[in-house]
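With the first letter of the sequence shown counted as 1, position 101 gets the number 101 in full-length UniProt numbering; the numbers rise by one all the way through.
Hints may be right or wrong, so weigh each one.
What the hints assert, rightly or not - Within a straight-line C-alpha distance of at most 27 Å, the following computed DSSO-like cross-link-like pairs (lysine-lysine) qualify:
#, residue 1, residue 2
1, K319, K214
2, K214, K331
3, K214, K308
4, K214, K29
5, K319, K308
6, K319, K331
As the list claims (entries may be wrong) - Simulated restraints on C-beta separations:
#, residue 1, residue 2, range
7, D247, A156, 17 to 23 Å
8, K308, R262, 26 to 32 Å
9, G73, P289, 33 to 39 Å
10, R67, R343, 41 to 47 Å
11, E179, A290, 37 to 43 Å
12, S70, A300, 42 to 48 Å
13, G185, R92, 18 to 24 Å
14, S303, D221, 47 to 53 Å
15, K214, R67, 43 to 49 Å
Since the hints were derived computationally from the structure, they do not count as laboratory data. Keep in mind that this is a model prediction, so the values were computed, not measured. All C-beta atoms in this analysis are idealised placements derived from N, C-alpha and C, irrespective of residue type, glycine included.
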Amino acid sequence: MGQRPKPQHPLRGCGWNARGPRATLAAMKIAATGITSGVGRRLCEIAREAGHEVAGIARDPTRLDARALSRIGVRVVGGDVEDRRALGDILRGVDVVVHAAAAVGETSNPAEMERVNVGGTRAVIEAAVEAGVPHVVHVSSVAVYGRPDRGRVTEAWPTRTSGLPYEDSKTHAERLALERGRALGLSVVAVRPPMIYGPYDRNFLPRAIATLRKRMMLLVDGGRAPLNVVWVDHVVDVVLRAAERRDLGGEAFNVMDEVDARPPSVREVFEAIARAAELRPPRLSLPYPAAMAAARSLVAAFSLAGRKETPPLTPFVVKLLSRDVVYDASKAVRELGWTPRMRSLEGVSRFSAEIAGKAPAYTQSSRAASPGSAVE
Numbered sequence: 001m002g003q004r005p006k007p008q009h010p011l012r013g014c015g016w017n018a019r020g021p022r023a024t025l026a027a028m029k030i031a032a033t034g035i036t037s038g039v040g041r042r043l044c045e046i047a048r049e050a051g052h053e054v055a056g057i058a059r060d061p062t063r064l065d066a067r068a069l070s071r072i073g074v075r076v077v078g079g080d081v082e083d084r085r086a087l088g089d090i091l092r093g094v095d096v097v098v099h100a101a102a103a104v105g106e107t108s109n110p111a112e113m114e115r116v117n118v119g120g121t122r123a124v125i126e127a128a129v130e131a132g133v134p135h136v137v138h139v140s141s142v143a144v145y146g147r148p149d150r151g152r153v154t155e156a157w158p159t160r161t162s163g164l165p166y167e168d169s170k171t172h173a174e175r176l177a178l179e180r181g182r183a184l185g186l187s188v189v190a191v192r193p194p195m196i197y198g199p200y201d202r203n204f205l206p207r208a209i210a211t212l213r214k215r216m217m218l219l220v221d222g223g224r225a226p227l228n229v230v231w232v233d234h235v236v237d238v239v240l241r242a243a244e245r246r247d248l249g250g251e252a253f254n255v256m257d258e259v260d261a262r263p264p265s266v267r268e269v270f271e272a273i274a275r276a277a278e279l280r281p282p283r284l285s286l287p288y289p290a291a292m293a294a295a296r297s298l299v300a301a302f303s304l305a306g307r308k309e310t311p312p313l314t315p316f317v318v319k320l321l322s323r324d325v326v327y328d329a330s331k332a333v334r335e336l337g338w339t340p341r342m343r344s345l346e347g348v349s350r351f352s353a354e355i356a357g358k359a360p361a362y363t364q365s366s367r368a369a370s371p372g373s374a375v376e
């Protein structure tokens, strides 16, 4: 086998540096929740590089990732997202709150999902009003659209529940944030990403690579459906642009890697991941009914065996891999002046190579990050 070309740094060649688009704007005082999540940590890094002041909550300030943020000038306060004392501490005198904390996962306790995602959102909104903070950016999810079967989904699509705990909790949380904001005179903007990849990704790419290594990757209906994914830096860019737009209270914005084109198919994405990680691409495919039956059986088997890890196939994943849906992010381009800087296949290839040890790490601190729990 010939020598692989050395991959570029993920930020090179895509029109971006952390001081670029944000450095021309007025410095803000930002409070953030979920600062040890992928979105929260990159938000802190990019905001600090752009000259913004940042304070955030971490459940354990002694964790390596929280300490890494302290070293770059983030004021880290210990506490849970529902801890009113900690919230009051970070909210004093800030211009905007970015609420990025969430319980994630597909088989987690529904009550815990509601407590963290909905209860935490309520606590943040109410604490912001009490502290006199005028503006909140709520990091939501395209999960709020429920289960659209096909078509192009804009922000005008109604939000709805689907019966899956994570999706339902995110729907309830976003509705609460926007409705309470309107009722209390607080400007709230929601940002809706799909599956996120990039630095500090603990879910999508690491899990995909692990499944490919075990040769357990399953395609649904041949992997023809589009796979909507987004680079974490795109999410942060939209969040920071929304943070400056207090006049957009009540609005929501999708964010995607592809704006002017259809996203790559599920097969194309997983083949790109496999190539970058030097693994065999997925070959097994099942029709949707058989894949859903297999997923339900796996979830039941893991539960009966007392296994806490997420099965390689779940009903959520089957739905994700089979929906002929594209989430339209053109509103963020029109109203926020945002432009995506990296395509999905380029992005997942670069970060898959890093995760699999085939390319230099994105940052030194990303290697030192401690494993995440279900609450970020």
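The hints, checked one at a time:
Proximity of K319 to K214 is assessed by CA-CA distance (about 22 Å); at most 27 Å being required, the pair is judged to hold. Simply put, K214 and K331 have alpha-carbon atoms about 40 Å apart, too far for the 27 Å limit, and the pair is violated. Taken as a hint, the K214 and K308 pair is honoured in the structure, with Cα atoms around 19 Å apart against an allowance of 27 Å. With a C-alpha separation of about 46 Å, the suggested pair K214 and K29 falls outside the 27 Å cut-off, and the hint is violated.
Distance check on the hinted pair: K319 and K308 sit about 22 Å apart at the alpha-carbon level, within 27 Å; holds. With a C-alpha separation of about 25 Å, the suggested pair K319 and K331 falls inside the 27 Å cut-off, and the hint holds. Checked against the given bound of 17 to 23 Å, the beta carbons of D247 and A156, roughly 19 Å apart, stay inside it. Separation of K308 from R262 is about 37 Å and departs from the stated range, judged on CB atoms against 26 to 32 Å.
A hinted range of 33 to 39 Å is violated for the C-beta pair G73 and P289, which are about 53 Å apart. The beta-carbon spacing between R67 and R343, approximately 34 Å, falls outside the hinted interval of 41 to 47 Å. As the Cβ distance of E179 to A290 is approximately 41 Å, the hint placing it in 37 to 43 Å holds. Distance hint check for S70 and A300: the Cβ-Cβ separation is about 43 Å, which falls inside the suggested range of 42 to 48 Å.
For the pair G185 and R92, the supplied restraint of 18 to 24 Å holds, since their beta-carbon distance comes to about 19 Å. With their beta carbons about 27 Å apart, S303 and D221 fall outside the hinted range of 47 to 53 Å. Between K214 and R67 the beta carbon distance is about 33 Å. The supplied range of 43 to 49 Å is therefore violated.
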